[in-house]
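A.B. asks: Listed in order, the protein sequences are those of chains R and Z. Here the first sequence stands for residues 5 to 511, where the numbers follow this note's numbering. Here the second sequence stands for residues 5 to 511, where the numbers follow this note's numbering.
Read the hints as simulated data drawn from the structure, not as lab findings. Some hints here could point you the wrong way.
Copies of the same chain look alike in the list, so a pair counts if it works inside one copy or between any two.
Said to hold, decoys possible - For lysine to aspartate or glutamate, the following DMTMM-like pairs were computed, each having C-alpha atoms within a straight-line distance of at most 25 Å:
no., residue 1, residue 2
1, Lys351, Asp401
2, Lys16, Glu368
3, Lys506, Glu128
4, Lys339, Glu437
5, Lys339, Asp401
6, Lys60, Asp236
7, Lys51, Glu463
8, Lys16, Glu75
9, Lys339, Glu398
10, Lys7, Glu162
11, Lys233, Glu67
12, Lys351, Asp405
13, Lys60, Asp377
14, Lys142, Glu75
15, Lys7, Asp254
Number of protein chains: 2
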Amino acid sequence: MAKNTQTTLMQKARASGSIDTFELTCLLWGKERIVKERRAAFKRVEKALGTYDSTKLPRCYSETSREDLFEQGLEMGKACLDDMLEHNHEHFVWVTPRYNLVNASPFGHKAVLFEPAMEHNGTEEQKAQWLPLARSGKILGTYAQTELGHGSFVRGIETTATFDPDSDEFVIHSPTISSTNFWPAGLGFSTTHGAVMARLIAGGQDQGPHIFLVQLRSLEDGKPMPGIKMGDVGLKLGYNESDNGFASFDQVRIPRSQMLMTHSQLARDGTFTKDPLLAKLSYSVMLLVRGRMPGIFTVQLAQALTIATRYSVVRQQGLGPADALNTEARIFQYKHQHFRLMSMIAKTYAMFFGSRVCDDQYNELREMQSKDDHSLLPSVHALTAGMKAYVTSEAADGAEDARKLCGGHGYMSISGLPEIVGALTGGATFEGENCVLWQQIGRHLLKQLDRLQDGEPIEPQVQYLADVEDPNIACSAFGTQFLDPEVQLTIYRDRAHRLVVKAHSAI
Amino acid sequence: MAKNTQTTLMQKARASGSIDTFELTCLLWGKERIVKERRAAFKRVEKALGTYDSTKLPRCYSETSREDLFEQGLEMGKACLDDMLEHNHEHFVWVTPRYNLVNASPFGHKAVLFEPAMEHNGTEEQKAQWLPLARSGKILGTYAQTELGHGSFVRGIETTATFDPDSDEFVIHSPTISSTNFWPAGLGFSTTHGAVMARLIAGGQDQGPHIFLVQLRSLEDGKPMPGIKMGDVGLKLGYNESDNGFASFDQVRIPRSQMLMTHSQLARDGTFTKDPLLAKLSYSVMLLVRGRMPGIFTVQLAQALTIATRYSVVRQQGLGPADALNTEARIFQYKHQHFRLMSMIAKTYAMFFGSRVCDDQYNELREMQSKDDHSLLPSVHALTAGMKAYVTSEAADGAEDARKLCGGHGYMSISGLPEIVGALTGGATFEGENCVLWQQIGRHLLKQLDRLQDGEPIEPQVQYLADVEDPNIACSAFGTQFLDPEVQLTIYRDRAHRLVVKAHSAI
Numbered sequence: 005m006a007k008n009t010q011t012t013l014m015q016k017a018r019a020s021g022s023i024d025t026f027e028l029t030c031l032l033w034g035k036e037r038i039v040k041e042r043r044a045a046f047k048r049v050e051k052a053l054g055t056y057d058s059t060k061l062p063r064c065y066s067e068t069s070r071e072d073l074f075e076q077g078l079e080m081g082k083a084c085l086d087d088m089l090e091h092n093h094e095h096f097v098w099v100t101p102r103y104n105l106v107n108a109s110p111f112g113h114k115a116v117l118f119e120p121a122m123e124h125n126g127t128e129e130q131k132a133q134w135l136p137l138a139r140s141g142k143i144l145g146t147y148a149q150t151e152l153g154h155g156s157f158v159r160g161i162e163t164t165a166t167f168d169p170d171s172d173e174f175v176i177h178s179p180t181i182s183s184t185n186f187w188p189a190g191l192g193f194s195t196t197h198g199a200v201m202a203r204l205i206a207g208g209q210d211q212g213p214h215i216f217l218v219q220l221r222s223l224e225d226g227k228p229m230p231g232i233k234m235g236d237v238g239l240k241l242g243y244n245e246s247d248n249g250f251a252s253f254d255q256v257r258i259p260r261s262q263m264l265m266t267h268s269q270l271a272r273d274g275t276f277t278k279d280p281l282l283a284k285l286s287y288s289v290m291l292l293v294r295g296r297m298p299g300i301f302t303v304q305l306a307q308a309l310t311i312a313t314r315y316s317v318v319r320q321q322g323l324g325p326a327d328a329l330n331t332e333a334r335i336f337q338y339k340h341q342h343f344r345l346m347s348m349i350a351k352t353y354a355m356f357f358g359s360r361v362c363d364d365q366y367n368e369l370r371e372m373q374s375k376d377d378h379s380l381l382p383s384v385h386a387l388t389a390g391m392k393a394y395v396t397s398e399a400a401d402g403a404e405d406a407r408k409l410c411g412g413h414g415y416m417s418i419s420g421l422p423e424i425v426g427a428l429t430g431g432a433t434f435e436g437e438n439c440v441l442w443q444q445i446g447r448h449l450l451k452q453l454d455r456l457q458d459g460e461p462i463e464p465q466v467q468y469l470a471d472v473e474d475p476n477i478a479c480s481a482f483g484t485q486f487l488d489p490e491v492q493l494t495i496y497r498d499r500a501h502r503l504v505v506k507a508h509s510a511i
Numbered sequence: 005m006a007k008n009t010q011t012t013l014m015q016k017a018r019a020s021g022s023i024d025t026f027e028l029t030c031l032l033w034g035k036e037r038i039v040k041e042r043r044a045a046f047k048r049v050e051k052a053l054g055t056y057d058s059t060k061l062p063r064c065y066s067e068t069s070r071e072d073l074f075e076q077g078l079e080m081g082k083a084c085l086d087d088m089l090e091h092n093h094e095h096f097v098w099v100t101p102r103y104n105l106v107n108a109s110p111f112g113h114k115a116v117l118f119e120p121a122m123e124h125n126g127t128e129e130q131k132a133q134w135l136p137l138a139r140s141g142k143i144l145g146t147y148a149q150t151e152l153g154h155g156s157f158v159r160g161i162e163t164t165a166t167f168d169p170d171s172d173e174f175v176i177h178s179p180t181i182s183s184t185n186f187w188p189a190g191l192g193f194s195t196t197h198g199a200v201m202a203r204l205i206a207g208g209q210d211q212g213p214h215i216f217l218v219q220l221r222s223l224e225d226g227k228p229m230p231g232i233k234m235g236d237v238g239l240k241l242g243y244n245e246s247d248n249g250f251a252s253f254d255q256v257r258i259p260r261s262q263m264l265m266t267h268s269q270l271a272r273d274g275t276f277t278k279d280p281l282l283a284k285l286s287y288s289v290m291l292l293v294r295g296r297m298p299g300i301f302t303v304q305l306a307q308a309l310t311i312a313t314r315y316s317v318v319r320q321q322g323l324g325p326a327d328a329l330n331t332e333a334r335i336f337q338y339k340h341q342h343f344r345l346m347s348m349i350a351k352t353y354a355m356f357f358g359s360r361v362c363d364d365q366y367n368e369l370r371e372m373q374s375k376d377d378h379s380l381l382p383s384v385h386a387l388t389a390g391m392k393a394y395v396t397s398e399a400a401d402g403a404e405d406a407r408k409l410c411g412g413h414g415y416m417s418i419s420g421l422p423e424i425v426g427a428l429t430g431g432a433t434f435e436g437e438n439c440v441l442w443q444q445i446g447r448h449l450l451k452q453l454d455r456l457q458d459g460e461p462i463e464p465q466v467q468y469l470a471d472v473e474d475p476n477i478a479c480s481a482f483g484t485q486f487l488d489p490e491v492q493l494t495i496y497r498d499r500a501h502r503l504v505v506k507a508h509s510a511i
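Starting from the given sequences, assemble the full structure and let the hints guide the process.
C.D. replies: Here it is as structure tokens:
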């Protein structure tokens, strides 16, 4: 690399660090083996895409039309799938090699929503028939729940699946414009099959939303199947590499066997049966994605902060704190630049390790649910709702602040920051709107306090509500005692307790 | 228009309003005549561009490559200039017909920086020679101050203008990569002339930054003049209709007469003279743009809030506060949606009228400066710094919140919101980085308190620092008295006084 003031400043900064970065990376991702395998996989895919040479500007900064970006997303998604199939790993199930949420490609719903929807809701027979096709990429699926007029409010969904006992088929139909399926990843041009949420109508009875497997496109020529109108929703603030799409169904027929029937069943004679307890399981697909978002968003925030930190180390501007006239100061030397970066980096580590707890709790829930124990559902729901809302807010605001810390250069696309900010700001909305999720974690906490006051048992996660003796007595630590994690934990518990009690008494 | 649930809800909402919107518009823009003339001008330009029919999607949502957007910006800028010349008005000096800052076209610096730089710094002879060419569009100018390595820190600028007494010329030169001129609007492909900031070197002496008029491109074929390397800075978070550019000068010669010489002069024999008092005038060009930004950013925030309000009136989601099962609620009925919209709309009106004070103060400063009275400069500098930082922050955050209030639909480009947010977030950086400006208004206020405590006179704008008798006595109003503007003003004065005193004693 050419030697100039900036490269010299960067080398100096790097040489002055005392942290073993590889050791830290292994700590973050759990095992040295995982880190090495991930890096090897990232390298193979970047090489396959011709983007491994980081001294060359990636195509996305010169070929910027909607069509160009979609093509790049398609190439990225296919290269990732090919690599996972060939090398038998799952490193790109959730993220692209650039740590974008996998939504950033037309393969966005394949392994994180379509296949789990099948796994959680399909019968053994259905799973045996469809999962091998989906996993091997012979069909490409999307999870089609949201409609033009209906977002996360599933009960409002209008699409119907009417049982026709004569032909033993369902008729999938979009009765209004507002019932048009809207947003599913890859629906625009790419996906062949959809797990479509529709109201089951049998014998004139509306049995509420259920999931139906619908073939959307011909496997021969990719054209929409008869009766389905489809297209792209258009340019977005981010994720333009994916063809989030719309679909409208005009009396589309599918065999009865394509309703996912683990939790509810429709018999040949039109008899409907439902296990209300098992129905809770279908909700856990939403929890899966919501629970994984904190970990992914935290890493994208870390990317933004890394860019801003590097920039701050090499960018010189003004006379600096020393008011020295002979050279301009590196902007990292300014107190407000330093403080904003450092406090956000600290928060990012905290959120990263917090997201691990989210993952573990979700895995435990699934493990227990497989043994018919659903008792963890309320607390995992509350935890993922709170973590998703908190981390996506902090990540979007933090990345935007990192962008501002780079001044005009952060406004340029080649800084990478506008794309990161654009992707992160979407997180406040999808997989549960944050304001709604805040209300859900709030309701859960207030309910736990109710239970405590009524002498009923509470969730182990909020045991602190019972443990704190007097919320009005301040923490008695002094000086360096504040560095003790136990003291810090006590402070957080006290604070959480005080705030929950305050909110509870204010209502 | 087709009649459906949404159009019906909108008609109902509009019919229920009690405000005369035209009267309100006239109040906002000052006079009925102005409103009518503006609207007529907007209509003519939109018609000329073929975008007047608002039921058709504008080109910017389908033709989205960098080249397409630049072409659209060029057409918009030219249509605006043609209309102003033909109909003799100034409605598009600062904004496009879509209320974007004029930066959004390659004509971005013409009337707001290039011509004012000439007016403020050129001699009568220079103005007579160049202003008619600039104003009529025979040449297209840009204000070229920022360099790749140097933003708002003018003293750090590296470009040199070395006087050659033999030929009576200046040699304009970019000695390093970091001295490359960077960012000026239209510099990429469009502008023919630049008001270039460069260090004046005469007789081996560095006399600091001065402004030089440099021809950048041939008026015949638009090609760069010999010795000048130019291009576009690339894709940005916003303003992609403009070719913000870079330029590097390799020993480019211009006649001595092209240094703007009102405040400093270089004689034929190389003698340098400078009027330190008059030199303050050159700074007022920066104040001009900074002072106008609050008004423009406020209107763009108002656009975002208008979109979000309309959406909230027609979007139905969930069961609503009444938990009524027969119909979904309009999201405007939810308390948090209602509160966020209403409080931001109120703030927007306050900032709009506040920006008027900014304009008036700037005009008064210019009026007094024309009579050699520069006494208003410190207070106008502080006012514009504070207003610019406050309004651009509030506008960017408010528009992003408006975008979130529209859920997934706010993530789509056709909502108009991503473009508004992208443009507004740039405002934290250009024309003075907000963190730097906060420090400047802070320093001004603390200095005024120093003066007060030393028994010296203070600026009339901060008279409240002297007037409040005891900052510890709370406002004694009750109930509806809080609706009295005088009471509200007292509260704001008390609060400002208390905060300034607190900050002063903390340092």
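A.B. asks: All hints are to be evaluated individually against the structure, with a verdict given for each.
C.D. replies: Each hint tested on the structure:
1. Lys351 x Asp401: So Lys351 and Asp401 pass the 25 Å test inside a copy (12 Å) and across (21 Å) alike.
2. Lys16 x Glu368: Close neither inside one copy (46 Å) nor across copies (51 Å); limit 25 Å.
3. Lys506 x Glu128: Neither. Shortest intra-copy (49 Å) and inter-copy (69 Å) distances fail the 25 Å Cα cut-off.
4. Lys339 x Glu437: Answer is between; shortest inter-copy Cα gap is 15 Å, intra-copy 36 Å.
5. Lys339 x Asp401: both (20 Å within a copy, 24 Å between copies)
6. Lys60 x Asp236: between (31 Å within a copy, 18 Å between copies)
7. Lys51 x Glu463: Result: close neither inside a copy nor across copies, 49 Å intra and 64 Å inter.
8. Lys16 x Glu75: Answer is neither: 40 Å inside a copy and 44 Å across each miss the 25 Å cutoff.
9. Lys339 x Glu398: Intra 22 Å, inter 24 Å, cutoff 25 Å: intra and inter.
10. Lys7 x Glu162: This pair counts as between: shortest inter-copy Cα distance 20 Å, intra-copy 63 Å.
11. Lys233 x Glu67: between (29 Å within a copy, 23 Å between copies)
12. Lys351 x Asp405: Answer is both; intra-copy 14 Å and inter-copy 23 Å each pass.
13. Lys60 x Asp377: Answer is neither; intra-copy 53 Å and inter-copy 55 Å both fail.
14. Lys142 x Glu75: within (20 Å within a copy, 43 Å between copies)
15. Lys7 x Asp254: Only across copies: Lys7 and Asp254 sit 22 Å apart there, 64 Å inside one copy, limit 25 Å.
Violation of the numbered hints given earlier is confined to hints 2, 3, 7, 8, 13; the remaining hints are satisfied by the structure.
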